[in-house]
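Chemist: Here is how the chains run, residue by residue.
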Amino acid sequence: MTGADHTQSAERDPEFLELCLKVLVAQGAGLRFHVALMALVVATIAAQVYPWWQALAWAGMAVAIRELRAWRVQRLVQVSDEPVQQRIRRVMLWNGALGTANGLAALFMLGLPPEADAVMTLLLLSWAAAGVTTNATILAAFRAYVVPIVGLTGLVWVLHGDLVSVGAGALALLFFATQDKLARRNHATFLESFEMRRVNLDLTRNLETERSRLLQAKDAAEQANRAKSRFLASASHDLRQPMQALAFNSAELQHQPLPIPAQALAQDIAASVDALRTMLDGLLELSQLDAQEREPQQRRVDMRRMLDALVASFRATAAAKSLTLRLDCPAGCAINTDPDLMLRVLTNLTDNALKYTLAGEVAIVVHAASHGLQIQVHDTGIGIDAADQERIFDELVQLANHQRDPRQGYGLGLSIVRRLVPMLGMRLTLDSARGRGSVFTLHVPPDRVLPGLASPPPRSAAPRRLRKGTRVLVVDDDADVLRAYGRIVSRHGGVFDGVQSSQAASARAERGDIDVLVADYRLPGLMDGLALIAAARQAQPDLPAVLCTADRTPELDSVCRERQIALLHKPLDEGQLLDAMAAQRAELVTHGD
Amino acid sequence: MPERGSTVRVLLIDDHELVWSGTRALLDRVLAEEQPSLAVHLVTARSLNDALVQPPAGFDLVLLDYHLPDGVGLQALDAVRSRFENTPVCVLSAERDPRRVRSVVEAGAAGFLPKGYSMPDMEAALRVVLRHKVYLPAEFVLAADATRDSEPDEVPSPDLASFVMSELSPRQRDVLIRAMRGLPTKLIARELGIAEGTVKAHLSMVYRALGVRNRTDALCRLFQAGATSVLQLT
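Which chain is which? The protein sequence lines are A and B, in order.
Residue numbers are given in the numbering used here: position 384 of the first sequence equals residue 384, and the series is strictly consecutive.
Residue numbers are given in the numbering used here: position 110 of the second sequence equals residue 110, and the series is strictly consecutive.
Hints are supplied without guarantee of correctness; some may be wrong.
Said to hold, decoys possible - What follows is a set of in silico ranges between Cβ atoms, one per label pair, in the way DEER data are often shown: (1) A:R491 - B:E34: 38 to 44 Å; (2) A:I382 - B:E34: 40 to 46 Å; (3) B:A39 - A:A235: 34 to 40 Å; (4) A:A484 - B:R171: 43 to 49 Å; (5) A:K228 - B:L18: 23 to 29 Å.
Think of the hints as simulated: they come from the structure by calculation, not from any bench.
Note that CB positions come from ideal geometry on N, CA and C, so glycine has one too.
Use the sequences and the hints to build the structure in full.
Modeler: Below, the structure is given as structure tokens:
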């Protein structure tokens, strides 16, 4: 739409016309005494030449018509139910009548002296000029009022006949043209401001409509979602009972003496039941989270203790797939969070990593970052394309499980994680590519990280000892050194096992029943101490290890730091040895007798 | 192992009759593996009112569903505990919100059995329940332990079982076992023929030795340390 279209349409708009009418009436009101005074001045001038009654008769008529018009026009706005155009026509008639009544005063000029004519003209034209402000909203009404006044004034001047008078008459016309132009400009300004107001009003109205529509839609969606969650919660609760019975009975069936084909059937049924149960659990958990029935409760959580137990609970699953499950978390690392929700996040991430890793390792690594703490779950699994990285958090999406093998679960774990992480005030990022494994990183903001026992506990006056029954395997090719180690270990309550070669040591370590490995760096044979520790940790991933060396090489320092191996430089005393073991695993060393 | 007779008498209060026969079969099998000489005698009740007309003495264990048509949660637990006051009561529920587990144990339940367990987990849980009359879900124990304030001089977890067996007096152990099973102090005193104050004194010493402040935490600690075997009555 162009500006002109706007103007035209507005000019015919009844709403606009009604407003014009109202403004016109309002502008004309309250001028009663000014008009009466003006009429009196005109009558006084006329009375110099004409009989006083003639002058007064004109003044009376002008005031009466002004009052009548004011009264009628007021009623047109307030009570009339006529169409607005009709009422505007009436206003025009009234204006014509008033203009004519006022203009008739010009006829006095026929008999007045020229000086009085000039004053009279001035008065009449200023009367006409007042019409610009009072009537400009309706141009036709303005003209109906002004034309008789200016016309009659001009006409009387022309009738005087002399050149100067004709000139004065022309000037009166010119004055009209000027006033008309002014009136048109006022009218246009008024129209524009009306347009603007209407556009703003429309905009506001549209915005409000849109906003309320959006609010309604959001409300409806939220309600639907809550209803869905409530339904799921109650459905999965009710489904649980027959599910439970089914699980009991199918387990029982497997223990009955059955023919071979029936045994296979019973096994399949049990597997299906287990898959169904897992899915039901996930659905119930998701629906509870969506129904927002759970407020996180902040507690001090010892991450090392939580992750130690978590890793222990997944050990069997990892072993069944021949995967290494590794934990790298400083002792005493603590954060402020909801322990239950945090455990669920970590359980689901670890479970997910183990599920999608066929070979290699899954590692949980906790370390301080520039901003807070990072808890990472690394895997050497199938990895995820960038394009799929958002999708894996959706319900029931399993990228690598096209046959939907029920043993892999139903892809609810990561959707649960996605809901839990914001509840904990944390952030989860994913770094992965197909074939390169994945790293899920949980970012713990600094205000959640609690001052932990990052440094080893201070030495207390109480004598320290090894945890009762701690099995310490020491590898050193020097028999005397080995005996010295044996005395230290035994005196502190540990169980000592000493060997002189890396081969013997790795054979021991493979049994997986030692608590600490202490190895000399330079060993005869194929493996040095570092390689021996690496081999032992294949069998026992978190095995605390202490490496002793006489060499002072920065390379060895950094390798040991990276692999979480305690490095001791010879000569060493028993305090250092206990320190190193405590740094590897705090609970290995206790205070007391 | 059982305190009486050659049968283990279990009262199952659950309005879902569907689970009755399965539970019975499972209990039978678990007990047959544990103690072939014993048999489970399972009495079932589909409501609180049905359960409360059973004779108050004579059960070795009560299994109580959290949701019953005529009584829910802690209210039902209170009613059942005061009727069968000498018997450990384990609560069963499909919802294992840690707050629910804690509230149930704090109200004196001997344990909490999640209904959604897989069969191997359920069997393992029932084995513990039949043997020691207590149970806590592993994830509850794990989360609770991660928030526990550990004392620098507390007994390390791997040593806890041997500590209880060798360092506690037989009397202290008797008190601990009964407290863990949810028996009220008054009844423990009566059963052991000692004063209530003595029972309380024993308990506070035992809790301090375990590095815990109350019964729920003590039960958690025993489960976390894998030391439930010490809860066996001899």
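Chemist: Determine whether the Cβ-Cβ distance between R491 (chain A) and E34 (chain B) falls within the hinted range of 38 to 44 Å.
Modeler: holds (42 Å)
Chemist: So the hint says 40 to 46 Å: do the beta-carbon atoms of I382 (chain A) and E34 (chain B) match that?
Modeler: This hint holds: roughly 43 Å between Cβ atoms.
Chemist: Holds or violated: the 23 to 29 Å window for the beta-carbon distance between K228 (chain A) and L18 (chain B)?
Modeler: Taking Cβ atoms as reference, K228 (chain A) and L18 (chain B) lie about 26 Å apart, which means the hint holds.
Chemist: Quick check on a hinted range of 34 to 40 Å for A39 (chain B) and A235 (chain A), using CB atoms only.
Modeler: Since the Cβ atoms of A39 (chain B) and A235 (chain A) sit about 38 Å apart, the hinted range of 34 to 40 Å holds.
Chemist: The hint says 43 to 49 Å between A484 (chain A) and R171 (chain B); measuring C-beta to C-beta, is that right?
Modeler: With a Cβ separation near 45 Å, A484 (chain A) and R171 (chain B) satisfy 43 to 49 Å, so the hint holds.
In terms of the numbered hints stated before, the structure departs from none.
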